[in-house]
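Those protein sequence lines, which keep their order, are chains A and B.
Residues in the first sequence are numbered consecutively from 1, following my numbering.
Residues in the second sequence are numbered consecutively from 1001, following my numbering.
No wet-lab data here; the hints were simulated from the structure.
Among the hints, erroneous ones may be present.
What the hints assert, rightly or not - Taking CB as the label site, the calculated pair distances span: (1) A:Ala36 - B:Phe1606: 56 to 66 Å; (2) A:Asp8 - B:Ala1558: 40 to 50 Å; (3) A:Asp190 - B:Leu1452: 48 to 58 Å.
Claimed, not checked - Short derived list, chain A residues pointing at chain B, Cβ under 7 Å: (4) Gln73; (5) Thr207; (6) Glu214.
Just so you know, even glycine gets a beta-carbon here, dropped at the ideal spot from N, CA and C.
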Amino acid sequence: MVNKQAIDWAAQFHERALKATDERLQRFYQRGVVAADTPLAEVPLVALDFETTGLDPAHDEIISIGLVPFDWQRIRLSESRYWLLKPNRGLTETSVPFHGITHSQLDDAPDLMHILEAVLEAIAGKIVVVHYRNIEREFLHSAVKKRLGEGIRFPMIDTMALEAMLYRYGLLSLLKRLIGWRRESIRLGDSRQRYHLPHYGQHHALTDAIATAELLQAQIRHRYSATTPLSELWV
Amino acid sequence: MQAEQVEIAGFLKQYPPFDELPDTEVDQVACQVEISYYRAGSDIFQFGDEIHDLAVIRSGAVEIYRRNGALYNRLSEGEIFGQLSLLMSQRVRLPARAIEDTLLYFIPESVFMSLCERYDSFAYFVEVDDNMLHQAVVNKQEKSDLMVSKVTALISRLPVMADTSATIREVAQKMTAAGVSSLLIMDCPRDGLNEAATMETDQCAEMTLAGIITDRDLRTRVVAPGLDLEASVTDVMTVDPITLDVDAYAFEAMLTMLRYNLHHLPILEDDRPVGVLATSDIIRYESQSSLYMVSTILRQTSVTELAQLQPQINACFVRMVGEGANSHMIGSAMSVIGRTFKQRLLELGEATLGPAPLPYCFLALGSMARDEQLVVTDQDNALILDNRYLPALHGEYFQQLAAFVSDGLDRCGYTYCTGNIMATNPEWRKTRQEWQQTFADWIDNPNPEALLNCSIFFDLDGVWGKLDWAAQLNSFIALKARHSPRFLASLARNALNRTPPLGFFKDFVMEQDGQHGSSINLKRRGTAPLTDLIRVHSLAVGAKVQNSFERLDDVADAGILPPGIATDLRDALEFISMVRIRHQAADVEAGRTPSNNIKPEMLTDFDRRNLKEAFKVLSNSQRFLKFRYPMAGR
Chain A
1 MVNKQAIDWA AQFHERALKA TDERLQRFYQ RGVVAADTPL AEVPLVALDF ETTGLDPAHD
61 EIISIGLVPF DWQRIRLSES RYWLLKPNRG LTETSVPFHG ITHSQLDDAP DLMHILEAVL
121 EAIAGKIVVV HYRNIEREFL HSAVKKRLGE GIRFPMIDTM ALEAMLYRYG LLSLLKRLIG
181 WRRESIRLGD SRQRYHLPHY GQHHALTDAI ATAELLQAQI RHRYSATTPL SELWV
Chain B
1001 MQAEQVEIAG FLKQYPPFDE LPDTEVDQVA CQVEISYYRA GSDIFQFGDE IHDLAVIRSG
1061 AVEIYRRNGA LYNRLSEGEI FGQLSLLMSQ RVRLPARAIE DTLLYFIPES VFMSLCERYD
1121 SFAYFVEVDD NMLHQAVVNK QEKSDLMVSK VTALISRLPV MADTSATIRE VAQKMTAAGV
1181 SSLLIMDCPR DGLNEAATME TDQCAEMTLA GIITDRDLRT RVVAPGLDLE ASVTDVMTVD
1241 PITLDVDAYA FEAMLTMLRY NLHHLPILED DRPVGVLATS DIIRYESQSS LYMVSTILRQ
1301 TSVTELAQLQ PQINACFVRM VGEGANSHMI GSAMSVIGRT FKQRLLELGE ATLGPAPLPY
1361 CFLALGSMAR DEQLVVTDQD NALILDNRYL PALHGEYFQQ LAAFVSDGLD RCGYTYCTGN
1421 IMATNPEWRK TRQEWQQTFA DWIDNPNPEA LLNCSIFFDL DGVWGKLDWA AQLNSFIALK
1481 ARHSPRFLAS LARNALNRTP PLGFFKDFVM EQDGQHGSSI NLKRRGTAPL TDLIRVHSLA
1541 VGAKVQNSFE RLDDVADAGI LPPGIATDLR DALEFISMVR IRHQAADVEA GRTPSNNIKP
1601 EMLTDFDRRN LKEAFKVLSN SQRFLKFRYP MAGR
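Excised from the complex, chain B in its bound form (with noise of 0.2 Å):
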């Protein structure tokens, strides 16, 4: 009798092409399996070897090159490789590394040939090329450092650290001894730590970060007041930080900076802090980095310095990519530089009319929220008052402060909305219940209008007073549409209203708008309805990010979509974001007036042949709606 292999097996049938055949099949296949583990760095095929196996990833990473050297593809958990040099050749074509720790299943070449023989569905898919559009995307990665670097290589030294019985004198003593900025407070149950300004992680084995305290702690929290020295530091520190995993990206450490503008970052691993991430160590990867420009925004003392900052802006833009940062990135410093303005605009209304006479949150709706800002951006914007709010005592204030605000984005460069979305048009400044009234009545009477508010105001950040306030927003409206078939239904109908252009080379859709001529919109085309197909996806799911990529994330984490899909959806959105920020950039190089708007005759073969397929993904993704959300009763 063999045995069962049902871990193997439950394993394969989530992947193509193993998803297609019958259990029965993929249950044979998982008893031929051989297991076999390679350590990051060393090689799985080399050239002109014998290949007897399909290969697939069951966890790690795993590169493919050409002869020559180059990357070729880079493949993770769930894929296959092997199968080309199998077909034709029985030696390895294509050299084959791992550059994570990776575990492989390899299936015998019989098993293999006997599937490709029976099954059309799997003979197809081996025997199709590689994905190209993700080949691509993953290309357009190598080149930036940032995107490929974990944390870890920008950690310079073992983090100082100090026990929570520590006075705020040892501590400033333990600083200068070590040379460092910042030190980590730990919480240790048992005894406090021993001298050692550095400390190895199994001298206490439970503990836990408390806190942080940094130079400008020291100077802001302890010097300026004039504090007791022999205070305990835990009086002073920022209790319970930020921190990042060690698994982490350079680049997610660069955004969560940006966005909590932090100056020191712990890692940590398994709870466990390894180093401090400071602001420095990621400028030396990112050279006049968006992280000065949110300081240099804070520092201006009036709308006219602001205004002036939008060349530095701008360029800070096409420096990020020229540098190879990919969308993500560049949407998140984008976004956090058009929320550093509004939030030094609000300081700055606030010092003009005086303090506000009641709390009040205003938000970011759209891009800016998704952190998917690029240069040609108009201001949505809205405030959430509190409940005490009555307009005959306070609307005059509210209303000057939305003016100063909407009126100073306009002169930095972002354009008022043609849409009147803005805190200026008394309709968007409500008050929590009333926000709230609104959003349940949108969710319960989807009409057209309501299905149009609602592809906007659902991406809501706070950016400054009272942020809870957006984040129970938020919240609500996770709780509430997850629950509403009717709601979903209609918006997903309504995602269906801007299609790509497809049939690209021949006979696409041009936008005919005069001023553009013969040219594709490609956020009209490309990445809005992309955008709104994913928040359909995230609103079903509950998820409460609102970036798109992290939208895809918890969408594929609640397997709600057929198996690859969501790769497909991030590999076509990062395409066809990234076509159109390099060519923004081109703009604003040449000083031209940058635009959504390109002409395909302006395309490399490889950008068409890419947009091409990432326009196929999101029209099958547009017809996978229809069918996932649909309407009821009909």
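Chain A with its partners taken away, still in its complex shape (with noise of 0.2 Å):
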């Protein structure tokens, strides 16, 4: 089941905000996070999805991002972002083929560090909406806190957590199975079938956050509803 002890969020930023030394860091907890009882329908919606050069958020890193805003009802491209990040060990060759994005693409991109004030801008004030958390959350987390020496935490609705309990597997066995496998894409996929959702080209971060935003709506849609409390999905 998905964590369920409340965490008092809006406390948490309250506190971060005072102790972040970072000013983009500041100034993303001082926007403050959405209240726990909002309604669905009230409340503005990020999807992010990261493309990854492995799984181990300790040692591998981040190649692009891709994000979207969006509420219940509508998914807005034209304020969708999407970036190339140079990492430091570069590409191993297993995954180039995978990602479809190549060592020449990567040479111009920026570090995060360039970018992060973008980011931060794009998502503050917005519930991030990702599929799959364990990659998106511990990466950004851990490649901030090796930048800044101060990690990043702030809520998420989980897609995949919700279609985990919603068909009731469990998630600790859902999460074995998928520790050492990034192939939750799949999963994207998978679970969009079930809502009738369109077969997307998979592996490019924003069409993933893209398909993230669509599977969320389709989720409120089937099994929520406007007036569900942000509390019941938020992570």
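Please dock the two separately framed chains into a single complex, following the hints provided.
This is how it looks when you write it as structure tokens:
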């Protein structure tokens, strides 16, 4: 089951805003967090997806970020963003065909530090939506921590966890199967099929972010409602 | 920097009116799209709402209504709506509702207006009313339950299943306890199923359907031969039964059951059974079913008895028309009935003449092979003989068998073929090798006579005996024809011989054949040239299916036609066929001899308008044919 022991995100943000030393993080936390009892229809959302060089947040790195703001009714592509990032260690040969991103594309790409402000600006004040939070949450946290000496935490809606909950698979067994397997994009496709969403070419961070946003809209339409409080979904 | 939307742009570029815009323009449009998901049954636009976007259907299906609630149009993937409201009033004039789970791409009004201003092709497309022909077909189909119902609507209970380790007795007990006439046998690689008669699908994750057993099997395969009831059920079940996907329509289930003479049809979702459709489930939907007709034919014990069935066949045809079946359903049902006549006649023939000295395959050709037979039809058939065939030794037998069937068919209402394309003609009784050689020769040397033969013989279907021989010949044709550009070009030329009566209202071309006075032959000027044209495309993509609608599906999948053309052709074929079918049904009901000719003054305005549209589609497609399959070295 999804972890229901309520985290008081509002208090956390307040505390972190005071503790953070980096200005960008301070500003991010100062923007606050959507209140837990906000009905879904009023929650500003942003779907986020990373492609990474591997599965281990301690060693692997983010090489692209895609995000798209949306709400329960509309996904706004005009506000979508996409960045390529230059990894310090470079790409391993095996991950190249998987992502379709090549070395030369990444040579000119910036480091995360150069775009962190833009990323945080795009997600501040919104609820981040991901498919399988262990990638986006842990990679962003450890990448920021490596660079600034302090990490970053915020609430997320995890469409995969919602599926797991709805289909009554034990989340633990699901995670067990998934650990060591960066293959949840297949899961994303499978979940989408259940809601008759179309097949998208995957492994592109922006396409996957859009696909995740569509999936959450479908989940809300089928399983929740406009008035469901945010606290039922976020983790 | 704005993010590129490769996925969205790639989709839009496939469909009108975006397919005519420059790529860079569509890329820009894609970046402005807003996406929204609608659950099946939910409203998208309500009358009088403000409207600020053009809607493009990315997936799913949408119905558009008139203000009075009448269905106006049904749209699916790649189609647009909302344009008229946007152009005229910025208020919704035609409400829209999702009839399946639907994903929409919304294009903002400002982008839409700008495209209208800058691109004539775009403006023209969105300002012209939706395709009327398509609407006519949609409206027609609306009336038939079988057409719009999914098989799931017919399934009344969960499937009853047992593991492959079960004994015959256990299975029979389970069937008795559950009160069912069929039971599915599942392969479950890990542990066996537990006791529950109906199972949750997650009891065994990897189970697959291994077979089916029915009441009838228990009678004929167990009780009659006196089998040990403790034997494994796998000894007597039907292995790898024919199944249908859960997404299929009820009429597809009916066609499948007719085609293979099945009484139980397992329905699968992702390879897992979700139910078993029984004949009775269909009959509840289609009273006095054509399924009955098939079993009636098989029960007759003489040619004389068979010949007496003709009025019932005609009645079945009229009934299907009255119940709103579409041309595919009617054509398939009548073809299955025709095939069943042949099968029964061959059984009777073999009973009279003794068993055949060599294996053979009796072929249906033309409309029966295409599942497009109607009531006005002659017999086109042929024989494939074993390669060991010796005319001196075996000729007499097959001559007599062919004559028995051919005479029988004539008595049953399937008149002799005037072109002598019948198994009674020694030329059309060939060994497997000879057929292959003949077909190869026609493809390599496409002279006029060969081309004429191809248009008859290349629609072939085995009805009796060694059915795989027919399938092998079919594969041979599919393989060879697609790599023979000269043949395809010649066949394309040949398909242009019969033209549609254009200028339908004013100066349209009529048949002056005396008997029918001034009339249009809807077969010769409509459905036949359409099937000819579809056959060329189908051979070019190596399709092995025979039915024109199924061929169009394969052709559309292969992507050799400009977008939308396959749909236009399908609608045109469906509309012309249905006008033809309705007129034949009216003839039968009035006691007249049904024909393919109609007098234009007998048509309603609605039919005239849409026929005109359909003939236009045919004419344009004929022009495209010339361009698509050019004669080399001219």
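Status of the hints after comparison with the structure:
Between A:Ala36 and B:Phe1606, the C-beta spacing of about 59 Å keeps the proposed range 56 to 66 Å intact. Here the CB-CB span from A:Asp8 to B:Ala1558 is close to 59 Å, at odds with the stated 40 to 50 Å. Between A:Asp190 and B:Leu1452 the beta carbon distance is about 52 Å. The supplied range of 48 to 58 Å therefore holds. A least Cβ separation of about 6 Å between A:Gln73 and chain B falls short of the 7 Å threshold, and the interface hint therefore holds.
A hinted interface residue such as A:Thr207 counts as satisfied when its beta carbon comes closer than 7 Å to some beta carbon of chain B; here the least separation is about 5 Å, so the hint holds. Annotation: A:Glu214 was flagged as interfacial toward chain B, and the flag holds, the nearest CB pair being 6 Å apart, inside 7 Å.
Against the hints set out earlier in the document, a violation occurs for number 2 only.
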